[in-house]
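Letter by letter, the chains look like this.
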Amino acid sequence: MIDNPNTGMSLIVKTITRLTVGLILLFGIYIVLHGHLSPGGGFAGGVIIALSFIHLMLAFGKEAVASKISTRLASNLESIGALMFLGIALMGFFGGSFFLNILNKGLPFNLFSAGTIPLSNIAISLKVGIGLLAIFLALVILENVKKEK
Amino acid sequence: MELHILLLFMIFAAIVAIEVKDLLSSVVGVGAVGFALCLAFLVLKAPDLAITQLVVEILCLIILIRATIKKDLPLVIAGRWVFNTIATVGFIAVFLFFAYVALKELPSFGNPTMRVVKMYLQEGLGKTGATNLVTSVILDFRAYDTLGEATVLFASVIGIMAVLRGKGRKKIEEREDDR
Amino acid sequence: MNITSIIPLFVIIPLFSAFFISLIGKFVKRGIVGGISAAACFLLLILSLCGLAALRSAAGGVLVYKVGGWVPPFGICMVLDGLSAFMLVTVNLIAFFVCIYSLSYMEKYTDKPKFFTLFFLMLTGMNGLIATGDLFNLYVFLEIASIASYALVAFGTEAEELEASFKYAIMGSIASSFIFIGIAFLYSYTSTLNMADMAGILSAKPDTWVISFVTVLFLMGFGLKAALVPFHAWLPDAHPAAPASISAMLSGVLIKALGVYAMIRILFNVIGMTSAYLTTLMFLGALSMLVAVILALSQWDLKRLLAYHSISQIGYVILGIGLGTPLGILGGLFHLFNHSVFKSLLFLNSGAIDYSADTRDLKEMSGLKEKMPVTAATNLVASMSIAGIPPFNGFFSKLIIIFACIQKGHMGYALAAVIGSILTLASFMKVQKYAFLGELKEKYKDIKEVPFFMKFAMVGLAVICIVGGLLLLPPLKFFLSDAVNVLLEGRNYAHIVLEAASK
Amino acid sequence: MTLYFLCLVLFCVGLYGVLRKRNLVKIIIGLGIIEYSMNLFFVLLGYRFHGRAPIDAQGQDILNMVDPLPQALVLTSIVIGLAVTALLISIAIKIYEKYGTFDITKIKRLKG
Chain A
1 MIDNPNTGMS LIVKTITRLT VGLILLFGIY IVLHGHLSPG GGFAGGVIIA
51 LSFIHLMLAF GKEAVASKIS TRLASNLESI GALMFLGIAL MGFFGGSFFL
101 NILNKGLPFN LFSAGTIPLS NIAISLKVGI GLLAIFLALV ILENVKKEK
Chain B
150 MELHILLLFM IFAAIVAIEV KDLLSSVVGV GAVGFALCLA FLVLKAPDLA
200 ITQLVVEILC LIILIRATIK KDLPLVIAGR WVFNTIATVG FIAVFLFFAY
250 VALKELPSFG NPTMRVVKMY LQEGLGKTGA TNLVTSVILD FRAYDTLGEA
300 TVLFASVIGI MAVLRGKGRK KIEEREDDR
Chain C
329 MNITSIIPLF VIIPLFSAFF ISLIGKFVKR GIVGGISAAA CFLLLILSLC
379 GLAALRSAAG GVLVYKVGGW VPPFGICMVL DGLSAFMLVT VNLIAFFVCI
429 YSLSYMEKYT DKPKFFTLFF LMLTGMNGLI ATGDLFNLYV FLEIASIASY
479 ALVAFGTEAE ELEASFKYAI MGSIASSFIF IGIAFLYSYT STLNMADMAG
529 ILSAKPDTWV ISFVTVLFLM GFGLKAALVP FHAWLPDAHP AAPASISAML
579 SGVLIKALGV YAMIRILFNV IGMTSAYLTT LMFLGALSML VAVILALSQW
629 DLKRLLAYHS ISQIGYVILG IGLGTPLGIL GGLFHLFNHS VFKSLLFLNS
679 GAIDYSADTR DLKEMSGLKE KMPVTAATNL VASMSIAGIP PFNGFFSKLI
729 IIFACIQKGH MGYALAAVIG SILTLASFMK VQKYAFLGEL KEKYKDIKEV
779 PFFMKFAMVG LAVICIVGGL LLLPPLKFFL SDAVNVLLEG RNYAHIVLEA
829 ASK
Chain D
832 MTLYFLCLVL FCVGLYGVLR KRNLVKIIIG LGIIEYSMNL FFVLLGYRFH
882 GRAPIDAQGQ DILNMVDPLP QALVLTSIVI GLAVTALLIS IAIKIYEKYG
932 TFDITKIKRL KG
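Protein chains in written order, with this note's numbering: chain A, 1 to 149; chain B, 150 to 328; chain C, 329 to 831; chain D, 832 to 943.
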């Protein structure tokens, strides 16, 4: 993570961020994957993933993340996430009805157990996470445009 | 008992958030209401909601603070708004009176009539395989709601990008008529 | 994959095309985006027509689709009966013509793919709201259509449009919060969210304070979405600020699907209609009819004038349905269909004038007839039918409403309807005289007629305005009478739907 | 019963803020408070005395569970609230850019 001292917050915040961002992202992914076993799920996990990127952007300044993901790429990824979720729903058509949970349910209490629920959780978290990141990027990009004017 | 304290705190924090002069401290007031709501969800045995509310609250605060930094504040308070206040306060009084009367007929706090939900509780694990029944309701019994829900967020993202884009209308000369 | 599986297609097709257009929007040439959206709109129109046909052969006149395979009170079911088939045909017909129109109208605005994505999201919201049989699902689709319309009103990011969209968004969110509180009360009282199941339980329970409090909440919430008079403040700002094709969709179908349809579905079929609610509806309808048409007389901005007329025509629809008699409801629903057709045509004409002459002020325009013959002709047809001149469709529906008022003995309301119709005629003569007749100003010497797509949409809607009167004749009468019977059924909607769902 | 009433009082504080205040951000904050009170009211309706969180534990057969349906619906409503608030804030930012102020009385270009 190239670190030019004049953008973003002070050095202390940067070092702490460097330590915690990975953990936040991991926690978000944990919440998504264990959505059907423990509290949390697609929405909460997706927002946590978005917050880890926003946390990175606040600490290291806009260029750190904005250079990697542009708003257009973010909105395209989001439409892919949405199409995935619609695909899972349409998969239910083969089993007879729109949102039917056709994959086998497996044994309760272990990770791969609730048919399409974990897949939907992953699709929703992809969509929610990247969508909120796109909102934040759009708000931030507007700031730079105003400065140049 | 602790719910009463939480609710009184939320009402007090909401009044502070609305009446205080400075924008940033009213944003902090809303943050306080949101976090008290997150605690209330924990007390009401809704862990799913506590996580989601906490995280969504943080994101809302970041966006709100982004909107209120270095922005001006109206200093002069015009008196023209007297009629508006009377109308609002009158409407609220009527609304609260009828709400009080209607609330008496609802099942009392703490024992809801769970007619449809009994089936979810008994067969939720068997039919959907998910142990977290709230997730089974969201993603299997009422998955159609969640599809609408994901579309709401998608519409909001596309709407924000449409509103925040630079130039809304093309000037006449650069408009080419195809077909 | 039996016949009932066409119902979810009303939501899947617009949703899929919205996601797909936003995905390929930037990479592909502009024509393909227009092509996909026109094809999707046409497919939806065909689907709604064959939904109507499938309904006639269905037992009991109701098609129920169990989403996810769950039996109704436990899962969400989608219900297609006379009233929702009628609304689906109206919504998708207007959406098809507006989609064709905006293929070339949206050249005035940047970023066309985003426009079509939001357009299809609004269409998803409306189709989902009409076809659903579940109360909370109705709230979610109401939110989708509202958020998409907030963003579309602010699409051309000018100062007035942003302010109008902000005011519209605030009023809309307050209305949604009233509706949500009403749903919370109903859930706690009946502990079910399925409309049919709830109607069954409510008919068993006595009429208590909770029901009347919830009805007042719904009247306020859906009244605000339908812009009835005490809550109409947002409409005269929001509609003129939106792009013309969107204001055609807004006042053509959005306030009807979100406001009028949702209100009458819940009041008639779920909560059950008593005479007290009927008289309030009639009073609200007559009030908005008169107040809005008087306010419209003093307007000089063309789109603002049309927005005030939308409020007064919605007053006609609510007055008709508020009568409660079979003739009154027939007149109300027929006027709802006619108003969607000629009001969206009027807004498309104002968009055509805006497109070529780039002005909305009646004082500046004059004598546009020479340069824009097609727009002048369609505007004449639309003004005639909104004012209620005999051969056109507006005349028949207003006549039925006035007859129904007399038949039920409400002479005052009949008189108000006649006065409203005369004032509407006066203000549209003003539009015709200032905009199209008189000599052409030299400033507009070089304007040319609008491109082909816009002409096609306007002529199509004008033909429906002329032909609309035939809907009352026996072969086509089932279209309206099925919808009227659904409303007259009232609360044994529950029995019909649950019996159809158990099959 | 008093909890429901206090929740609707919170709703009215938010409504007062939206209808009465003149600063755009204050209106958005009032709307946020309305969203919070709506969600709390729905979850309060579903609470059950000595109920347990609706998550099946391994090996235990939990009988008295809290009502999961309001929790699922409020999860949806929280995200709707976020979507509406985010859209309103971006419109308010653009209005501030165009008009230079958040005060409604100065943004009165539209009449009616």
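Everything labelled a hint here was simulated from the structure, so no lab data went into it.
One should not assume that every hint holds.
What the hints assert, rightly or not - Quick list of in silico lysine-lysine cross-link-like pairs, PhoX-like style, CA-CA up to 25 Å:
| id | chain 1 | residue 1 | chain 2 | residue 2 |
| --- | --- | --- | --- | --- |
| 1 | C | 440 | D | 929 |
| 2 | A | 68 | C | 436 |
| 3 | D | 929 | B | 170 |
| 4 | B | 319 | C | 776 |
| 5 | B | 319 | D | 929 |
| 6 | D | 929 | C | 436 |
To be verified - One side only, chain B facing chain A, incomplete, derived with CB under 10 Å:
| id | residue |
| --- | --- |
| 7 | 151 |
| 8 | 240 |
| 9 | 298 |
Note that CB positions come from ideal geometry on N, CA and C, so glycine has one too.
Original post:
Can you name, in rising order, the numbers of the hints this structure does not satisfy?
Top reply: 2, 7 and 8
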